[in-house]
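K.L.:
Heads up: the sequence lines are chains A and B, in that order.
Residues -15 to 683, numbered by our numbering, are exactly what the first sequence covers, in order.
Residues 292 to 570, numbered by our numbering, are exactly what the second sequence covers, in order.
Do not rely on the hints blindly, as some may be mistaken.
[Said to hold, decoys possible] If the Cβ cut is set under 10 Å, some of the chain B residues that face chain A in the computed set are:
(1) L322
(2) V324
(3) E331
(4) S389
(5) R393
(6) G472
(7) G473
(8) K475
(9) A476
(10) A478
(11) V482
(12) I545
(13) R549
(14) Y554
(15) L562
(16) R564
Treat the hints as calculated values from the structure; they're not laboratory data.
Please read all numbers here as calculations on a predicted model, not as lab measurements.
For glycine and all other residues, C-beta sits at the position ideal for the given N, C-alpha and C.
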Amino acid sequence: MQKDISISVNKIDNYEKISGCAKYVNDVQIEGALYAKTFRSPIISGEIVSITVPKLPDGYFAVDYRDVPGKNGVKIIKDDMPIFAEKILRYFGEPILLIVGPQKSVVQSLINKIILETKLIEPIYDESNIAINYHYEKGNPQNAFSSANRIFEYTYQTGYQEQAYIEPQGMIGYSEGDKITLIGSIQCPYYVKNAVLLALGCSSEQVRIIQPAVGGAFGGKEEFPSLMGCQLAVAINKIHKPIRLIYEREEDIEVTTKRHPAIIRMKAAVDSDNSLVAISSDIRLDGGAYLGLSNVVLSRAMIATTGAYTIPNVDCSGIVYLTNTVPNGAFRGFGAPQIFYAVEMFLNHIAKDLGIDPLDFKMKHLAKQGDLTSTSGTFRDPILMNDLIKRALEISDYRRKSQKYKLENQLRGMGISLFFHGCGFTGSGEATIIKAQVKLHKDEQDNVDILIAAVDMGQGVRTTMSKIVAHTLGIPMDKVRFPYPDTDFVPDSGPTVASRTTMIVGGLVAKAAQKMHDRWQNGVADTVIEQYVQPDYIVWDEATFHGDAYPAYSWGVNIVDVSVDKVTNQVTLEEAWSVYDLGKAIDDLVIKGQAEGGITQGFAYGYLENMEVKNGKVRQKNMTDYIIPTALDTTKITTELIDNPHAGGPYGAKGAGELTLIGGAPAVAMAIENAIFRRVHNIPVTPESIMELIEYGNR
Amino acid sequence: MVKHIIPDTLSEALKYLYQGDFQVFAGGTDLMVQNRSWSETSIEFTKNMLYCFNLQELKGITAIDGRIEIGAMTPLETIMNHPDVPSLLSEAIGEMASPAIRHIATLAGNIGNASPAGDSLPVLILYDAWVELRNMAGFRMILLKDLIIGPRKTVMHPEEMIVKIVIPKHRFDFERFVKVGGRKADAISKVSFAGAVDIEDGKIADLRLTFGAVGKTVVRNETVEGAWIGMTISELKNGIWRLIDMYDPLILPIDDQRSNKHYRKTVAINLLRDFVDQL
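Could you put the whole structure together from the sequences, leaning on the hints where they help?
P.N.:
Quick look at the structure:
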């Protein structure tokens, strides 16, 4: 009998990370590499009238849109973002050209001498430029609202969030003949490859993407590196020398994608026995200057509009509007943090208005196995939310503490959030867009290589995948190798996003390993390739948002105990508890890392991390002013898991990476609300906003 | 061409200061950030630089004749851990920046930088700290509160440098320092407060109150403080609204990327009230 796969092993990159010998992109030395720096729009909105580049010394180059041999658009969904601006400048910091050369100081001084003449265009910050408009319904919301006993309506607002990965964006590349190789701090090697193919208009074997050690990503390295990759490839294609393009922290914060600020209007119909019969929501995302992935972020938010609950009638609308601000994009949670914040607060507020216990009210509406989802799909697997909640209440002593703090009125409060995350791409995306492929190769010494494009950005994929293979084959971990992805050697197993890696890619890896196991011959080389096949029960109509949005769901409960300082209104997290159903942990400690990091990032989204864009510019543009939590700002976090294996995942595993962030903000916002006896509608709930709420807020 | 000079002795350093316009570089933890440039390129200072890290005579702490003298090049971490250093100063240093920064940053630098949010300043001004300035000709002692006249502005002459900080030794009966930053460590103050009281025969013998990051310089007003000398603590407590009214026109914070003036002002007043409440 094999031991339980969840029992932790030493993470395989522990040594290289802790000793400092891990090679990140900026550690990659290539003889004779030139430095590239981006000349950026100094204005927020306008038209380029003329650009005067100073006379370039020998060996220095300017690279702009005229050097793009293929399409001047970064491949993502609508390819609407240019690689280099041509005429119109849509945000402060938009890339116009690269200056490339052997000496940084000269490159910098050339950049400083570029003269740009522009004609200003009035910038847009409001909702007047709507790019995406979606709508769907379930049941008959019109009827439900017209016959409702009571109707509640509130608006919730969420702010920006910066990924704040420890390693800024960067890429280095070189050419050999007509082939270009890029090494980058990226999440999705094939996104970069496909984007470069479009930009260069060349054939697949002419572009190679390699991933070195990556120092955090959180979604920030999902689509953004494609822009850098295209710029760098265009430059290498022109200059035929190795070039490095590494961002400084401030440059990174000012121009890279962030979490979409959202305004969410929610309306609910409640009948006479305090049952929620209908919900209507209107989700408005600020996409920034270009659409990028914003419509997918919107659709993921819309799909989760009923939260962890079953509500028979739904009317959901959403828009993405474009503004003259930095483009927003992928960030751990991908629309879910915004909508779960709104739904959790909304149900909490409805219950308070009804004079009933918010948790009881929520539990009464919890989704159950067999229920229809918001998009009229079916929750096929068992949903263990009642068990999760029961356990979370036990370990936190939630009920007693909530009551006690309420009576004491000493600015102390408990908050709880209930949430899920859909695992993998939306609907049929895995089958129609991604078509993931994985490869295992065994050599004659019986060493097994995992050949996939999944990126370990700190979340533990290398360990998790190696463990799945070692466990399935019944061989020791040190016989399994997971080389850093290189598109010349690994098939396209899809991007490292959407909480899909363990469940989808890991599932394929487990299948491949099983095949290899079944035909195993000592000392004989073997290769197994496995292709994603969509379960036939998944039926999804993207146009109408109808059907099964996800193959599986992970679930969670977060509870937090906070105190608010009466003198300074600063928030202290006193303790936190979480219980998750993520199917089955492939490694307990890896999951604990995800759980503690995720909830910390989620809490911070709710009360600490504040970013404002004023007159088109990010105000908190460095790590001094953009406040992320330190170890002293965190608290004791207890995490428990309840196994609920999913047939489609390896050993029953479902997604875990994003789930752990989603509940943080609503839990902490609710705890603050309960501590200060004032309704919270907007996050982050900073001390400044707490002060305002205490002075003017509604009880 | 900007000059970079690393003198070995104080007199050599003073000679350079006398000869030309130099920026004195102590720990450099603010100067390096203010003049930051593309990584791996040298920082491009716009002034001649005088690096003081080899000036051994400016390192160390001595306690003599009822005062503590702190050499200008003594790192904050050394000051924080020194037994003779007033506890409130150690406490304030403990909340400044991060341990790595504190091992190289200096008090003299915090003073010379003259940021309204400098965390050591409310405490040093509360202690009536003096600063010894030297030039080729000699030295002068100046009260810290008279040295700093605005954000990044001091009355130091270009040929002068800070050589020591002198703090009169005093143990207050009650004292407190509060820093309000954006998070619990490694943050720049939104507002800070220091308060100290001495009580003799049931009456207030000394009262000192300072506020940081709520004005162009640290706010301290001896006239307001003096008005309460000779009164009892309960008279002070009963007069809290009068005390608050006295500080209200003096506390004039700004809006910026870290906080807003309403919050800063309200918290400054709250800190004052809380200090009196705790007496």
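K.L.:
Name the hints, by number, that the structure is in violation of.
P.N.:
1, 5, 12
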